[in-house]
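Asks: The sequence shown stops at residue 375 when you use my numbering, and every number in between is there.
Hints may contain errors.
Claimed, not checked - Keeping only pairs whose Cα atoms sit at most 25 Å apart, straight-line, the calculated SDA-like set for lysine to any residue is:
| id | residue 1 | residue 2 |
| --- | --- | --- |
| 1 | Lys149 | Gln275 |
| 2 | Lys184 | Gly22 |
| 3 | Lys184 | Gln275 |
Simulated from the structure, these hints should not be mistaken for lab results.
None of the values given here were measured: they were computed from a predicted structure.
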Amino acid sequence: MVDSERLIGEFMELVQVDSESGAERQMADLLKEKLTQLGLEVFEDGAGAVEVGRGTGNLIANLPGNGGKGPVFLMCAHMDTVKPGKGVKPRREKGKILSAGDTILGSDDKAGVAAILESLRVIKEQNIAHGGLQVVFTVGEEIGLVGAKNLDYGRIIAKAGFVLDSGGPPGEIIIKAPTQFSFKAAIKGKAAHAGIAPEEGINAIVVAAHAIAAMQVGRIDNETTSNIGLISGGRATNIVPELVTLEGETRSISPEKAKAQLDHMLEAIQGAVEQFGAQVDLKVAKEYDPINLAPDSWPVRTAVQACRNLGLEPVLGQTGGGSDTNVFNGRGIDCANLGIGMEKVHTTEEFIAEENLVANAKLMVEIIRVAQEAG
């Protein structure tokens with residue numbers, strides 16, 4: 001019952017709408033129009049006021065139940081894309097959809113958006129029973145899950161749902177994902193002339209080097225990673241540098257391991273600072289909570305049954321990345337992240353197979369059906 005050509009046509013329409021992070025206005029207005037035409041009540045929240053110069057909020061849309069007995073649940077995808085995402089020119093080639101090669105395609109995450117829109121059309125056309133649906137299209141996912149973190153949760157009544165934003169094939173169901181901590185350490189030494197009186201200075205770059213050398217960085221174990229991603233400081237080769245800034249992160253499926261790794265990295269910084277008599281200003285943030293869904297939780301068993309009904313092999317997986325799904329789970333909304341088959345995302349070689357676009361929409365329709373039986 002999914003109209004493949006309609007779906008593909010709409011996906012190609014969506015990817016041609018510029019919506020790099022922070023510039024989602026045109027996409028939001030288009031989706032408001034589409035959702036309203038499908039009979040949903042649409043509200044735009046105030047997430048756009050979080051960052052200067054944004055102005056576009058998340059879209060929260062409600063479709064009242066039509067006699068179905070299943071619970072109200074959530075379907076989510078994000079509106080924004082990474083750069084370069086302006087002027088996308090999609091093309092169909094041998095069963096795939098690609099960009100012209102000078103931009104990303106934007107299947108991350110407009111393939112998810114298209115699947116949700118098509119599933120809404122199908123249940124309306126076929127009068128498929130449901131107990132009520134909430135659709136959330138977020139902003140700023142690619143720049144730190146900004147939209148999900150600032151969503152107007154007072155308007156969310158769903159207690160469970162599905163996010164369409166994983167790179168695996170249709171049938172993959174992400175039930176585990178890490179929590180993440182980030183930190184920024186401003187190490188302050190003491191400036192001095194490097195040629196005349198270097199002994200009077202405290203070289204902040206050397207302090208930072210000793211700190212990093214004392215850290216475990218990279219793959220810690222099968223659940224845990226860490227990284228130093230940014231380092232900046234110094235003014236000239238003839239000045240002992242007085243200030244260096246380090247930025248890093250750690251993430252783990254296990255919150256306890258993530259916290260232990262964070263403490264290890266901060267202790268390495270503090271130890272080096274004390275060794276050289278420097279100072280440090282530390283800022284630490286918890287970026288998002290983990291996903292840890294039980295295989296028998298409502299969204300997982302619903303998605304598994306829907307996959308089997310369609311002949312898809314359900315695969316329960318885990319990922320090292322974060323998504324809006326992490327934020328929802330941290331807010332007490334049990335959500336699974338579904339594989340939608342996008343490939344080589346965040347590159348100009350990004351593509352998606354047409355059959356995966358169709359499978360995504362079919363799966364969402366089947367999830368709506370199964371939700372009536374799963375209760």
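Asks: Now tell me, hint by hint, if it's right for this structure.
Replies: Here is what the structure says about each hint:
1. Lys149 to Gln275: Violated, because 39 Å separates the two Cα atoms, which is more than 25 Å.
2. Lys184 to Gly22: 23 Å, holds
3. Lys184 to Gln275: 20 Å, holds
Hint 1 from the earlier list is the only one contradicted by this structure; the remaining hints agree with it.
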